[in-house]
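Visitor: So the chains spell out like this:
2 protein chains.
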Amino acid sequence: MSQDRLDARRRQILAGARTCFARHGYEGATVRLLEQETGLSRGAIFHHFRDKDSLFLAVAEDDAAAMVETVARDGLVQVMRDLLAGATSPETAGWLGTQLEVSRRLRTDPAFASRWAARAEAIAAATRDRLARQREAGVLRDDVPVAVLAQFLELAYDGLVLQLAMGRPADHLGPVLDLVEAAVRKTP
Amino acid sequence: MSQDRLDARRRQILAGARTCFARHGYEGATVRLLEQETGLSRGAIFHHFRDKDSLFLAVAEDDAAAMVETVARDGLVQVMRDLLAGATSPETAGWLGTQLEVSRRLRTDPAFASRWAARAEAIAAATRDRLARQREAGVLRDDVPVAVLAQFLELAYDGLVLQLAMGRPADHLGPVLDLVEAAVRKTP
Chain G
478 MSQDRLDARR RQILAGARTC FARHGYEGAT VRLLEQETGL SRGAIFHHFR
528 DKDSLFLAVA EDDAAAMVET VARDGLVQVM RDLLAGATSP ETAGWLGTQL
578 EVSRRLRTDP AFASRWAARA EAIAAATRDR LARQREAGVL RDDVPVAVLA
628 QFLELAYDGL VLQLAMGRPA DHLGPVLDLV EAAVRKTP
Chain Z
478 MSQDRLDARR RQILAGARTC FARHGYEGAT VRLLEQETGL SRGAIFHHFR
528 DKDSLFLAVA EDDAAAMVET VARDGLVQVM RDLLAGATSP ETAGWLGTQL
578 EVSRRLRTDP AFASRWAARA EAIAAATRDR LARQREAGVL RDDVPVAVLA
628 QFLELAYDGL VLQLAMGRPA DHLGPVLDLV EAAVRKTP
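Sequence order for the protein chains is G and Z.
All the letters of the first sequence, read from the start, carry residue numbers 478 to 665 under the working numbering.
All the letters of the second sequence, read from the start, carry residue numbers 478 to 665 under the working numbering.
Keep in mind that the hints were calculated from the coordinates and are not lab data.
Treat the hints loosely; a few may be bogus.
The list makes no distinction among identical chains, and a pair is therefore deemed to hold if it is satisfied within one copy or across any two copies.
Keeping only pairs whose Cα atoms sit at most 25 Å apart, straight-line, the calculated DMTMM-like set for lysine to aspartate or glutamate is [stated by the list, open to error]:
(1) 663 with 586
(2) 663 with 568
(3) 663 with 620
(4) 529 with 586
(5) 529 with 484
(6) 529 with 551
(7) 663 with 619
(8) 529 with 504
(9) 663 with 528
(10) 663 with 504
(11) 663 with 540
(12) 529 with 648
(13) 529 with 606
(14) 663 with 512
(15) 663 with 559
(16) 663 with 514
(17) 663 with 481
(18) 529 with 539
Extracted from the complex, chain G is given alone in its bound form (with noise of 0.2 Å):
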């Protein structure tokens, strides 16, 4: 095969892996339902993938990676946002679904928890980062560090990640991003 064909057989794994384990959990995600999500065969599957620990890993990082994108180019107010607007997609409920598996390995599973600290740490730098470019443009509270600031934000992600994956309804979730927003902007 190409690369071209190569990369684009990873990438219809990935697809394949990340909804299956945002429907199944990761225990719940058997190589059976692996095949079956993918469409594709596990000789081809696990020629791209050592075992689905790796294919595991690789979802959750390309996810990490797209958020530390997101992160340093609109902030994570915006990831928010828009994680709010595809509240209902399938795409949304695969990232979720990830999400969730990734915490749930950082608390039940020490080996994986030491593998994600540097992802997790890339995912707060950019926050950090951006954050200390808005104090530079004077946007920023300036009352509180940026790592207070950073952290506050954090919390509020995690408590839409939350509140989302659970099917909490979301009515009042877009005045309540606004709030976010307001606590960290220096007040006009």
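Fit chain Z to the known structure of chain G by using the hints.
Guide: Chain Z only, in chain G's frame:
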């Protein structure tokens, strides 16, 4: 057995089961592990609770009732401060584990979700009621509906649960909760 002994036995089972569900998750908490954690035989456990599902529901309902009581008395911000203060205690680990198991089953088990809806609504109602009283007392900001402020606090609570459960560094969480509280109060 006397009613007192029966009640004490029931509490003993709930305490052990809470630890067990927190440590191993709902699926991972086998009957054998439940026997180990409670120090009782399966016969004794299932004399009090019909099955594992009823036992889990009883643990979660206990936690929800405690939360409604604290929210009504001290508010959701105080619940968060208590959680943070006891972040490393075994009781808090049990609480966080139960909360996350509830949120996982809400996502993956529609029958559980419909049975749980009334409990979630009781906590939300206690939060709204307390905020309404605070608004009457003039300490709450009055430019945002109580329903929005309530969901903002619930978002922060869910975020805190997820962050503590993931073992994220808690250094800034005290000042973060100050920000959360300030965001719902009237600015002096």
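Visitor: Next, verify each hint and record whether it holds.
Guide: Verification of the supplied hints:
1. Taking the shortest alpha-carbon separations for residue 663 and residue 586, neither the intra-copy value of 41 Å nor the inter-copy value of 43 Å comes in at or below 25 Å.
2. Taking identical chains as interchangeable, the C-alpha atoms of residue 663 and residue 568 are never at most 25 Å apart, the minima being 34 Å within one chain and 39 Å between chains.
3. In this assembly of identical chains, the alpha carbons of residue 663 and residue 620 lie at most 25 Å apart whether taken from the same copy (9 Å) or from different copies (18 Å).
4. Both within a single protomer and between protomers do residue 529 and residue 586 lie at most 25 Å apart by alpha-carbon distance, with minima of 15 Å and 24 Å respectively.
5. In this assembly of identical chains, residue 529 and residue 484 lie within 25 Å of each other by CA distance solely inside one copy; the values are 19 Å within and 45 Å between copies.
6. In this assembly of identical chains, residue 529 and residue 551 lie within 25 Å of each other by CA distance neither inside one copy nor across copies; the values are 33 Å within and 46 Å between.
7. For the homomeric pair residue 663 and residue 619, the shortest alpha-carbon distances inside one copy (7 Å) and between copies (20 Å) are both at most 25 Å.
8. Taking the closest pair of Cα atoms, residue 529 and residue 504 come within 25 Å of each other both inside a single copy (10 Å) and across two copies (20 Å).
9. In this assembly of identical chains, the alpha carbons of residue 663 and residue 528 never lie at most 25 Å apart, being 49 Å within a copy and 54 Å across copies at closest.
10. Within a single copy, residue 663 and residue 504 get their C-alpha atoms no closer than 45 Å, and across copies no closer than 47 Å, so neither meets the 25 Å cut-off.
11. For the identical chains of this complex, residue 663 and residue 540 are neighbours neither inside a copy (31 Å) nor across copies (38 Å), given an alpha-carbon limit of 25 Å.
12. Taking the closest pair of Cα atoms, residue 529 and residue 648 never come within 25 Å of each other, the shortest separation being 37 Å inside a single copy and 34 Å across copies.
13. Within a single copy, residue 529 and residue 606 get their C-alpha atoms no closer than 34 Å, and across copies no closer than 47 Å, so neither meets the 25 Å cut-off.
14. In this homomeric assembly, residue 663 and residue 512 never come within 25 Å of each other (Cα to Cα): the closest approach is 51 Å inside a single copy and 56 Å across copies.
15. Only within a single protomer do residue 663 and residue 559 lie at most 25 Å apart by alpha-carbon distance; the minimum there is 23 Å, versus 29 Å between protomers.
16. For the homomeric pair residue 663 and residue 514, neither the shortest alpha-carbon distance inside one copy (47 Å) nor that between copies (51 Å) is at most 25 Å.
17. With identical chains, the CA atoms of residue 663 and residue 481 are never at most 25 Å apart, being 48 Å at best within one copy and 58 Å at best between copies.
18. For the homomeric pair residue 529 and residue 539, the shortest alpha-carbon distance inside one copy (15 Å) is at most 25 Å, but the shortest distance between copies (37 Å) is not.
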